[in-house]
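Engineer: Okay, here's what each chain looks like letter by letter:
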Amino acid sequence: MSETLQILQQNLGQALWETAEMVIISGVIGVIFGTLLGILLYYYANPLFSPHPLVNATVGFVINAIRSLPFLILMVVLIPLAKLLAGDPYTPMGGTVSLSVAAIPFYARLAEGAFADVDPGVVEAATATGAKFSLIFRQVLFPEALPALIRGIVLTVISLLGYSAMVGTIGAGGIGNLAIQFGYNRYETGVLIFVIIILVIIVQLIQWVGDQLAEHYTKV
Amino acid sequence: MSQIEIKNVSVTFQNKKQRITAVSQVSIAIQKGEIFGIVGLTGAGKSTLVRTINGLQRPTTGEVIVDGINITRANKSTLTRARQKIGIIFQNFNLVQNRTLGENIAFALNAGGYPKRQQNKKITELLDLVDLADRKDNYPGQLSGGQKQRVGIARALANDPDILLCDEATSALDLETAEEIVAILKDINTRLHITIVFITHQLEVARSLFQRVAVMENGHIVEQATAYDLFANPRSAMGRRLVGRFLATALPSEIRQRLASVPGQLLALRYRGEDSLDPIITKIAGEIGVNVNIIQGRIEYVQAKAIGVLTVFVTGQAAQLLAAIKAFKQQVDQVEVVPL
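Sequences listed follow chains W and V, in order.
Numbering-wise, the first sequence is residues 1 to 220 according to this note's numbering.
Numbering-wise, the second sequence is residues 1 to 340 according to this note's numbering.
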């Protein structure tokens, strides 16, 4: 028991910090670029704007291709890229690279769905005013899609939390690494259980905050 | 020159299996300041047709010219400018749910490049016009259907349009609320001289709002007339069907059964003007020797002109009945033999 506490005391803070670093950075990158891709997919699919099946199909294909790889494989495949971008792939920053690559197409599909679910009548009404797409995006599409976009962020962050544990096992650190290294390899069941409890709490918290925000921006 | 010229417009949709012609060879000319209606059943192509006027729908063939601008051939920037002068309201209002009424209208003002500093004043003016000035910071979800449509009107008028398109604008509302919206539209038309193009399947709206009407069926315009002429004397089969149902005077089944047991003929007469048909009835009854009983009657007003609707039951011998029907047909605008 005292050993368990000692391990946690020495390692938990850093592990949490590393996980936060990986999830937050890759989450932000995933949401920003995913949103952009989502808009692109929506824009080129909508007959009111500039339908362009070729662009849409090409972008869609790339997104699907990345998403069809199991994360474990994606992570291994991207080790050279992580080396190039982060120097050492076996660090939290190295792990962030593969997490970001996974997060972008994941969020892109969620964002596309969020925009596509905006009442087409509302978008039509907006187009009929003669507004430019940038204005329609800022004042119509974005506010209408915002609750769904927030729910998508929650989903993405929780998935990234799971993936970050996998990155941890190949040496990128974080809370997953802690669980495997001590809890599994060194039979410290206490550490394993503690990590599980922390993960459950974090996920519940993220979900709760996301639900509150989504609710706040829904004015129906 | 007419303000809106729809010239030989057809719209076809191609899906994987078939070609669907939504609008077929339609030509309509709408004058500045008039209230023009298009009536027809659901799926007749009305919504598609009205969307060619502001370029939301491109015609497959033909062209639409609005205030001298060819909407069909217009490039993006010309179309953008033209759209600012063509407001549109919808059956489902189509307001941005997550933004306040003020922000909804501000969006339209931004689209028209209205100076930011003066927007507040304009928004208040517009909401005042539809009697919702105190609801500026409310969200659409907090309003009733009629109020939402009034916001829709305010938004559509944001850029001082010359034309207002109405796509089934009263169809999602109860009759009383629909009348409210009709009154607002009439007021807008008279005070601001905005041309109104209104499509609907509701003949009540057609009767109280339209000046001229086109009847649409399966993508074709089958009849164009003044609203009064359409109701008084529809010429197309679809026109007769729509007006017939609207003016129909359904008799209670007990009365129908009682009449069915008597040898005679039930006639539905429709005529122009407020005059009573009494002299004609008396004359026909006297000359031919039949009995004419008035079962029910009423007067409908279209564009402030009267249309009389009268149901009579004629009894007599077979030959006399035929003669009576012939006589009625000569002297009354429309005679329909109602089967019992």
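One or more of the hints may lead you astray.
[To be verified] List time: in silico SDA-like cross-link candidates among lysine to any residue, alpha-carbon distance up to 20 Å:
1) V:Lys85 <-> V:Ala133
2) V:Lys7 <-> V:Gln18
3) W:Lys219 <-> V:Thr100
4) V:Lys16 <-> W:Gly190
5) W:Lys83 <-> W:Ile73
6) W:Lys219 <-> V:Asn233
7) V:Lys116 <-> W:His52
8) V:Lys16 <-> W:Ile73
9) V:Lys326 <-> V:Asn233
10) V:Lys85 <-> W:Phe133
11) V:Lys136 <-> V:Lys85
[Claimed, not checked] Chain V regions said to be covered by chain W (calculated; three or more residues, Cβ under 8 Å):
12) 123-130
13) 206-213
14) 234-241
For the record, the hints were derived by calculation from the structure and aren't laboratory data.
Virtual Cβ for every residue (Gly too), placed ideally from N, Cα, C.
Engineer: For each hint, tell me whether it holds in the structure or not.
Structural biologist: Outcome of the hint check:
no., hint, in the structure
1, V:Lys85 <-> V:Ala133, "23 Å, violated"
2, V:Lys7 <-> V:Gln18, "25 Å, violated"
3, W:Lys219 <-> V:Thr100, "9 Å, holds"
4, V:Lys16 <-> W:Gly190, "61 Å, violated"
5, W:Lys83 <-> W:Ile73, "16 Å, holds"
6, W:Lys219 <-> V:Asn233, "49 Å, violated"
7, V:Lys116 <-> W:His52, "34 Å, violated"
8, V:Lys16 <-> W:Ile73, "38 Å, violated"
9, V:Lys326 <-> V:Asn233, "18 Å, holds"
10, V:Lys85 <-> W:Phe133, "18 Å, holds"
11, V:Lys136 <-> V:Lys85, "24 Å, violated"
12, 123-130, "violated (count 0)"
13, 206-213, "violated (count 0)"
14, 234-241, "violated (count 0)"
Of the numbered hints listed earlier, those contradicted by the structure are 1, 2, 4, 6, 7, 8, 11, 12, 13, 14.
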